[in-house]
Amino acid sequence: MIEVHDLWFYYDSNPVLKGVSLEINSGEIVAIMGENGAGKTTLIKHFNGLLKPKRGYVKVFGIDTRYATVAQLSRRVGLVFQNPDHQLFAETVEEEVSFALKNFGFPKEVISERVERVLKLLDLYDLKDRSPFTLSGGERRRVTIASVLCYDPDIIIFDEPTVGQDYMQKEKLAQLIKLLHTRSKTVIVVTHDIEFVAENFPRVILLSSGRIIADGSTRKILTDEDLMKKANLVLPQVTQIAYSLHEFGIPKDLLLVHEIRDSILKIFAGGTYDGS
Amino acid sequence: MAIIEVKDLSYKYPGSSKYALRDISLNIDEGEFVVITGPSGCGKTTLCRCFNGLIPHFYGGEFIGDVIVNGMSVKNTPITILSKYVGMVFQDPESQLFSLNVEREVAFGLENLGLDREEIRFRVNEVLELMGISHLRNRAPFELSGGEQQKVALAACLAMRPKILVLDEPTSHLDPVSAYSLLNLLNELKNKLKLTVVIVEHRLEALVAICDKLIIMNEGKIVFNEDPKTVFSKENINSIKGIGIGIPKVVELYHNLLNSGFALRNIPLSPKMFKEYLLEVVRK
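Protein chains in written order, with the working numbering: chain B, 2 to 277; chain F, 12 to 295.
Everything labelled a hint here was simulated from the structure, so no lab data went into it.
Hints are not guaranteed to be accurate.
As the list claims (entries may be wrong) - Part of the chain F face toward chain B, derived, beta carbon under 7 Å:
(1) S156
(2) D186
(3) P187
(4) G257
(5) K260
(6) V261
(7) E263
(8) H266
(9) N270
(10) S271
(11) P282
(12) M284
(13) K286
(14) Y288
(15) L290
(16) V293
Quick reminder that beta carbons are idealized off the backbone N, C-alpha and C, glycines included.
Put together the whole structure using the sequences plus the hints.
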């Protein structure tokens, strides 16, 4: 569904992406991780044609993005930006969210029905007449998500969606991603939030200085100390504990609290172990 | 000695029908490292705005009670005086930066203090080095990454040599390694310069092991204000979860084991502490 082949990109003379190749299939849920400045945002901007490859190519649904317009691609690839203030412009939440649908020429009844459904889904319905600029940071971010979801793209890309979000909102975002997954959507998330990835994403693509240094299962990548160091990431806290107890027979590749709990209970005999 | 005293503070933004802060009392001692957390809209950013007088002087609104910072009542002290003592780094670094290059950005506050050129040059170099951003000195802040902008905003703040540093989600745009090194740097500064550090943050994993106090707010009130081990104790943990606070995994693991009948001596705040407490039990 997304095919990237030997993608090179530079803003001035310094290459930001240096020969990136990857494939993402329909219905996948993928996290893209890597250090500040690794090229993550630059990479995803190629998926809806905002940026065009300097070398290599990107194909989305078989369409080479070099020969397609952003308007054509964005109908099927929705991108939710990092900073909501770069995206919001309308006078009310409702207008903001219906903007794309109007542009795509949907009939009025469809627009109002869809907008209502999406606003309710994201707990924004009561705020529909407010100006986006009077909302809190978390609310504004949800408006940007709503404005993408309402035109129902096949691929939804989130750039750092957990920044500034509290625990409950993060939980809701995780639920939303699951919901999109059940509707066979492809979800791509750029994030630094290791715990969020450990709990919600089966596949990770690790980017470092413009190159992919790993692409595979979350468990394999997030519990690999060397890889994580290379990408300026730290091991999930559970994995750190697992590493420190490896000498007692705890496996290193644990990600979740219940996994390490069970492992500790097993090895140290349910707390009845007395050392003898 | 308390460097920040909040006395029976209630506050309402102009035009709002609801109090953003409700009857808050709080002391922060000089040299303390304090973390404030709570769900969005709980009032934590609003509370921080009181520490340098942005509330009430800039925002207006209804201000009941008092906030005393470094011996001065914020009600009667202009922001220009307070900001000599209280440095503030906002959530969104972009909203704080305005110069065309990093060096000018960092020097701006110092020029306004009327320092001489040599002193300004010295301090600018000092903080750029401290933050590890000397190589960015001629770059425009708006073309930097979010993480780099966050460091520039903090450098500009530190150059003023404040006694109190208030940071609103200072690591939100940083990758984990940069986030850890920034927090360690703040901890070092706290010790070296006797700086008082107040951080507003949702992600507690890296912070609970270095902070002296953890304040949890909900709906405009302070619900907990203790050292992190006390805050996360068995008695409190369910109500903290109910408020919707992300509990560090190591703390969660402690409670999970406890519920399975496996008790450690105390609540670990880092993987290192966890191992230490676990070995005590195992080797007994």
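Okay, which hints does this one fail, numbers in order? Hints 8, 9, 12, 14 and 15 contradicted; others consistent.
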